[in-house]
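J.: The listed protein sequences derive, respectively, from chains A and B.
All residue numbers for the first sequence refer to my numbering, where the first residue is 116 and numbers rise by one.
All residue numbers for the second sequence refer to my numbering, where the first residue is 16 and numbers rise by one.
Hints listed in this document are in silico derivations from the structure and should not be mistaken for laboratory results.
Careful: at least some of the hints might be erroneous.
Stated by the list, open to error - Cβ pair distances, simulated, as ranges:
id : chain 1 : residue 1 : chain 2 : residue 2 : range
1  : A       : Leu227    : B       : Ala85     : 21 to 31 Å
2  : A       : Asn167    : B       : Gly31     : 48 to 58 Å
3  : A       : Ala117    : B       : Lys83     : 34 to 44 Å
4  : B       : Lys83     : A       : Leu227    : 16 to 26 Å
5  : A       : Glu183    : B       : Glu30     : 29 to 39 Å
6  : A       : Gly155    : B       : Glu98     : 35 to 45 Å
7  : B       : Glu98     : A       : Asn125    : 22 to 32 Å
8  : B       : Lys72     : A       : Glu135    : 35 to 45 Å
As the list claims (entries may be wrong) - Okay, derived cross-link-like pairs now, SDA-like style, lysine to any residue, Cα gap no bigger than 20 Å in a straight line:
id : chain 1 : residue 1 : chain 2 : residue 2
9  : B       : Lys37     : B       : Gly70
10 : B       : Lys52     : A       : Lys172
11 : B       : Lys52     : A       : Arg153
12 : B       : Lys52     : A       : Leu154
13 : A       : Lys172    : B       : Glu17
Claimed, not checked - Far from chain B, by Cβ distances over 12 Å, these chain A residues were calculated:
id : residue
14 : Pro123
15 : Glu135
16 : Ser181
17 : Gln199
The C-beta atom is built at its ideal place from N, Cα and C for all residues, glycine as well.
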Amino acid sequence: GAGVSQSPSNKVTEKGKDVELRCDPISGHTALYWYRQRLGQGLEFLIYFQGNSAPDKSGLPSDRFSAERTGESVSTLTIQRTQQEDSAVYLCASSLFAGELFFGEGSRLTVL
Amino acid sequence: GENVEQHPSTLSVQEGDSAVIKCTYSDSASNYFPWYKQELGKRPQLIIDIRSNVGEKKDQRIAVTLNKTAKHFSLHITETQPEDSAVYFCAAGDTGRRALTFGSGTRLQVQP
Numbered sequence: 116g117a118g119v120s121q122s123p124s125n126k127v128t129e130k131g132k133d134v135e136l137r138c139d140p141i142s143g144h145t146a147l148y149w150y151r152q153r154l155g156q157g158l159e160f161l162i163y164f165q166g167n168s169a170p171d172k173s174g175l176p177s178d179r180f181s182a183e184r185t186g187e188s189v190s191t192l193t194i195q196r197t198q199q200e201d202s203a204v205y206l207c208a209s210s211l212f213a214g215e216l217f218f219g220e221g222s223r224l225t226v227l
Numbered sequence: 016g017e018n019v020e021q022h023p024s025t026l027s028v029q030e031g032d033s034a035v036i037k038c039t040y041s042d043s044a045s046n047y048f049p050w051y052k053q054e055l056g057k058r059p060q061l062i063i064d065i066r067s068n069v070g071e072k073k074d075q076r077i078a079v080t081l082n083k084t085a086k087h088f089s090l091h092i093t094e095t096q097p098e099d100s101a102v103y104f105c106a107a108g109d110t111g112r113r114a115l116t117f118g119s120g121t122r123l124q125v126q127p
C-alpha cells in the first residue's frame with residue numbers, strides 16, 4: 116500500500132479482555148515501531164523491529180504486552196487482560212534503515 | 016537509554032511572529048534529530064530533520080539547529096501562520112540501531 120495501515124481504527128473492549136492490533140508497514144521498510152499515545156500526551160516507545168535482528172522490547176510496560184512481526188511485513192501488538200490505563204492511541208510507524216518514520220493513523224483503544 | 020526533554024509545553028504567538036521550541040537529549044551516541052508535527056486527531060508527520068554532521072538546516076519558514084557539544088537542538092518557525100497551530104514533537108536516536116525517543120510535545124497556538 117501507499118502508507119502504513121493500521122487496524123482496527125477504533126476498538127472498545129471490556130477490562131480483562133485481550134486485544135490484537137495490526138500494522139501493515141510500507142512495502143520494503145525494514146524497520147517497524149510501535150508507540151503509545153495517551154490523550155494529550157507524547158509518544159511512548161513500546162517495541163522496535165529492525166530486519167532480522169532481535170526486537171528491542173525495552174519499552175513494553177508489562178508482560179501483558181507482546182508483539183510479533185512476520186519477516187519484514189505485518190506486525191501484531193497483543194495486549195492481554197486489558198486494564199483501563201491501557202486506553203490510548205497505539206501508533207505504528209515504519210522506515211527504511213536509518214530513515215524517516217512514517218506513521219499510521221493509529222488504533223484508538225478504549226477499555227471500559 | 017536516551018532521554019529527551021522538550022520546552023515549552025505550550026506556546027502561543029501572534030500570526031507573523033516567530034516560534035522557537037527547544038529540546039535536550041542525553042545520549043551522545045544519538046545522531047538523528049527529527050521534528051514531527053501532529054494536527055488534532057491526525058498522525059505525526061515529519062517536517063524537518065537534521066543529522067549530527069550538520070549544525071543547521073533550513074526549509075522555507077522552518078529551521079533546525081543542533082549543538083552536539085551541549086546536546087540540544089531547536090526548531091525555529093518564522094512568519095507563523097494559523098495553519099502552523101499543532102503539537103510539535105522533537106526526537107533523538109541512533110538510527111538503524113534503536114528506536115527514536117520522542118520529547119513530550121509542544122502545543123503551538125498561532126493567534127490570527
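J.: Would you pick out the hints that fail for this structure and give their numbers low to high?
T.: 1, 4, 5, 6 and 10
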